[in-house]
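> Residues per chain, in single letters:
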Amino acid sequence: MTTASHGSARDEVLARIRAARPTEPVRVPREYRTAPATGTPDDAQSGRRRLELLVDRLVDYRATVRRSEPDGVAEALAELLAEVPTVVVPEGVPASWLSTYPGGIRRDGDPGPLTVTDLDAPGLAVLTGCAVAIAETGTLILDGGPDQGRRLLTLVPDHHVCVVRTDQVVGGLPEALARLADPTRPLTLVSGPSATSDIELDRVEGVHGPRRLEVLIVGG
Amino acid sequence: MTRGTGNIVAPLPFPTAARRELADGQLRANLRRATHTIRDKRLRLVGEVPDWEALRRSGAAIKDDVLARLPELLEQFEAAATTAGATVHWARDAAEACAVVTGLVRQTGSTEVVKVKSMATQEIGLNEALAEAGIAAVETDLAELIVQLADDTPSHILVPAIHYNRRQIREIFASRMPGVDVDSLTDEPAALAEAARRHLRAKFLSARVAISGANFAIAETGTLVVVESEGNGRMCLTLPGTLISVVGVEKLLPTFRDLEVFLQLLPRSSTGERMNPYTSLWTGVTPGDGPETVHIVLVDNGRTETLADPVGRQALRCIRCSACLNVCPVYERVGGHAYGSVYPGPIGAILSPQLTGPDAGANRTLPYASTLCGACFDACPVRIDIPQVLVHLRQRGVDARRGRPSAERTAMRTLSWVMRDRRRYTAALRAARRGSAPLRWTTGRRGQVRRLPWPLSAWTASRDAPLPAAETFRDWWAGRTPPAGRDDTPGRTSATGDDNTAGRGPVTAGEDDRDHG
Numbered sequence: 001m002t003t004a005s006h007g008s009a010r011d012e013v014l015a016r017i018r019a020a021r022p023t024e025p026v027r028v029p030r031e032y033r034t035a036p037a038t039g040t041p042d043d044a045q046s047g048r049r050r051l052e053l054l055v056d057r058l059v060d061y062r063a064t065v066r067r068s069e070p071d072g073v074a075e076a077l078a079e080l081l082a083e084v085p086t087v088v089v090p091e092g093v094p095a096s097w098l099s100t101y102p103g104g105i106r107r108d109g110d111p112g113p114l115t116v117t118d119l120d121a122p123g124l125a126v127l128t129g130c131a132v133a134i135a136e137t138g139t140l141i142l143d144g145g146p147d148q149g150r151r152l153l154t155l156v157p158d159h160h161v162c163v164v165r166t167d168q169v170v171g172g173l174p175e176a177l178a179r180l181a182d183p184t185r186p187l188t189l190v191s192g193p194s195a196t197s198d199i200e201l202d203r204v205e206g207v208h209g210p211r212r213l214e215v216l217i218v219g220g
Numbered sequence: 001m002t003r004g005t006g007n008i009v010a011p012l013p014f015p016t017a018a019r020r021e022l023a024d025g026q027l028r029a030n031l032r033r034a035t036h037t038i039r040d041k042r043l044r045l046v047g048e049v050p051d052w053e054a055l056r057r058s059g060a061a062i063k064d065d066v067l068a069r070l071p072e073l074l075e076q077f078e079a080a081a082t083t084a085g086a087t088v089h090w091a092r093d094a095a096e097a098c099a100v101v102t103g104l105v106r107q108t109g110s111t112e113v114v115k116v117k118s119m120a121t122q123e124i125g126l127n128e129a130l131a132e133a134g135i136a137a138v139e140t141d142l143a144e145l146i147v148q149l150a151d152d153t154p155s156h157i158l159v160p161a162i163h164y165n166r167r168q169i170r171e172i173f174a175s176r177m178p179g180v181d182v183d184s185l186t187d188e189p190a191a192l193a194e195a196a197r198r199h200l201r202a203k204f205l206s207a208r209v210a211i212s213g214a215n216f217a218i219a220e221t222g223t224l225v226v227v228e229s230e231g232n233g234r235m236c237l238t239l240p241g242t243l244i245s246v247v248g249v250e251k252l253l254p255t256f257r258d259l260e261v262f263l264q265l266l267p268r269s270s271t272g273e274r275m276n277p278y279t280s281l282w283t284g285v286t287p288g289d290g291p292e293t294v295h296i297v298l299v300d301n302g303r304t305e306t307l308a309d310p311v312g313r314q315a316l317r318c319i320r321c322s323a324c325l326n327v328c329p330v331y332e333r334v335g336g337h338a339y340g341s342v343y344p345g346p347i348g349a350i351l352s353p354q355l356t357g358p359d360a361g362a363n364r365t366l367p368y369a370s371t372l373c374g375a376c377f378d379a380c381p382v383r384i385d386i387p388q389v390l391v392h393l394r395q396r397g398v399d400a401r402r403g404r405p406s407a408e409r410t411a412m413r414t415l416s417w418v419m420r421d422r423r424r425y426t427a428a429l430r431a432a433r434r435g436s437a438p439l440r441w442t443t444g445r446r447g448q449v450r451r452l453p454w455p456l457s458a459w460t461a462s463r464d465a466p467l468p469a470a471e472t473f474r475d476w477w478a479g480r481t482p483p484a485g486r487d488d489t490p491g492r493t494s495a496t497g498d499d500n501t502a503g504r505g506p507v508t509a510g511e512d513d514r515d516h517g
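As given, the protein sequences belong to chains A and B, one line each in that order. UniProt numbering puts the first sequence at residues 1 to 220. UniProt numbering puts the second sequence at residues 1 to 517.
Don't read these hints as lab results, they were simulated from the structure. On a predicted model such as this, the values are computed, not experimentally measured, just so you know. Even for Gly, the Cβ is constructed at its ideal location relative to N, Cα and C. Hints are supplied without guarantee of correctness; some may be wrong.
Derived coverage of chain B by chain A (criterion: at least 3 residues anywhere in the stretch with Cβ under 8 Å from a Cβ of chain A; other residues may be distant) [claimed, not checked]:
(1) 49 to 56
(2) 117 to 123
(3) 135 to 148
(4) 180 to 186
(5) 382 to 388
(6) 409 to 421
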């Protein structure tokens, strides 16, 4: 709702803009690349190049990248999480992912939602999927889908493990945004671990977001 | 029309402030290193994008389209955000925006708020206004925290603490950060970042109100977008129960799809990264995820005034990337504080005086803070022709004072009278040559005068003046001995001889060119 007490400010600002704005309509050219830069998803050759690009970009951000076949996810994750005592997962993460993981599992919403204090416990890792991944920029997009959960799950713990299926990897940003089911869901674009360059432009990984980002790419 | 107010008014004329900053050698060294590092990274990563120019053209056109349809798009944004559960407020100027935000914080009963780095809230002086109301605003961006703890002001849009080195930052933390372990605190950037993490984590987990700006606002969906690196933004946007976002009316984009252009342009232009670590998008309230109460304050503060100028309005395309700062030869030497506004550098030189109007403080001096070299235009991801606007604003300044006597105009009139007549011109040159002859002994090989008497001191205040040549070209030509066997026709050649360049042999020409920047 719009507060009534400031209605006059609203009317005045809009009236001023109407008086000041240009009247010529503007044609917006869109001659930039909207198709995937490395070919269509069906093209096996370009699909491989796209994955190589994604891995290269993620490693450049100092994220850790592992690969596994679809039937090897549980083993790969158990290995990745070997030193993690407890893993937090959103409600929709398949139980099969953690079938061989020996540590504790805390599922958000089961029984109740996890609190910030729960998530701030030391030694915790969070395991999620993602909505789409962008090869050119090494970006993972989380859209709050069932295997990604609420935003604070991937924010407060210091260690984020994200599973990316190869059919979720696209070439560039335009294709990625077009793939999102609903742009009005809370969205987070993650490109590497939290970082700052505020002190003499020296890059330091990890200020407030997870300091460790590990990506498991599943599929050939 | 209401002029913009807030922290966008230069208290001192630019030359005065610049001279003060130039005296700080540490600052210049820090700035040089920082601007060159970011500039080189930007160039490398922009070079990686084959369709960069197409993206720039689209970015500029999308923003122009926004300005042409601004009322409709604002109403569309307001309706979409409201439907999604946000409350939209409007503010004519800085004071009104501060009053709206202060009132909203008061309603929550909270006396402390966490803040995401935001140019809009700096522009309106929100922290000061909240402090007056007894509300402490905690800056959570590392650089903003450094600046806030030091009781200083930012010197760069993107890296506000760029004027401090690690030892200085360690001192600031050691003396001003509550609860910091002074003995174990080193000046390693990782150690300093860790200290900030621990200091702020307690704030994030307990804060009930967060205040942010927005990089983009999507009219179609009512979505706000914040682009950041550290995760402090995500903390503020996700944990507290109330979120208040202060957004300039020009931040709109028509559709969600338009982000495909701007999320490519912004990170590469601003930090020289393929993508910044975190970008958050939220639309109103999402039950169970993030704040239950979401407020959006749409701020004019001089933007409509800027919009009314057909040449100057392109400044409203700005997405605050700071690429123009990093390539600017003037900014690189004087730093952000010399501009006296939260918007420094080339974009500040055209934005601040337009938002406030030329009569606020010393803002009319800002369009002169440039050599018009054009590097800013080349670097701008939304193709703001900053040199064009600078010249336009200078012209507006001169036009506004036509009819009033000025030393410059008197000098130009006199010069015009002298140059209109050949005899007058020759006589004037001769007089200048004779008058300056004694100076030749004192100024040495460079043949430059550093200070001339009034009124010519206005010229030499910021540059050296060359001495008139010892001999004019005509005199030299007339007096030379033609080489034997060549049938030169001195008369024809001397007719094109120009006294302006006379006497400058090839040996001194290079030297003369040196200090004319």
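> Evaluate each hint against the coordinates.
Structure-based check of each hint:
1. 49 to 56: The restraint on the region 49 to 56 of chain B holds, since 4 of its residues have a Cβ under 8 Å from chain A and three suffice.
2. 117 to 123: violated (count 0)
3. 135 to 148: With 5 residues in contact (Cβ-Cβ under 8 Å with chain A), the coverage given for the region 135 to 148 of chain B holds.
4. 180 to 186: violated (count 0)
5. 382 to 388: violated (count 0)
6. 409 to 421: violated (count 0)
When each numbered hint is compared with the structure, violations occur for hints 2, 4, 5, 6.
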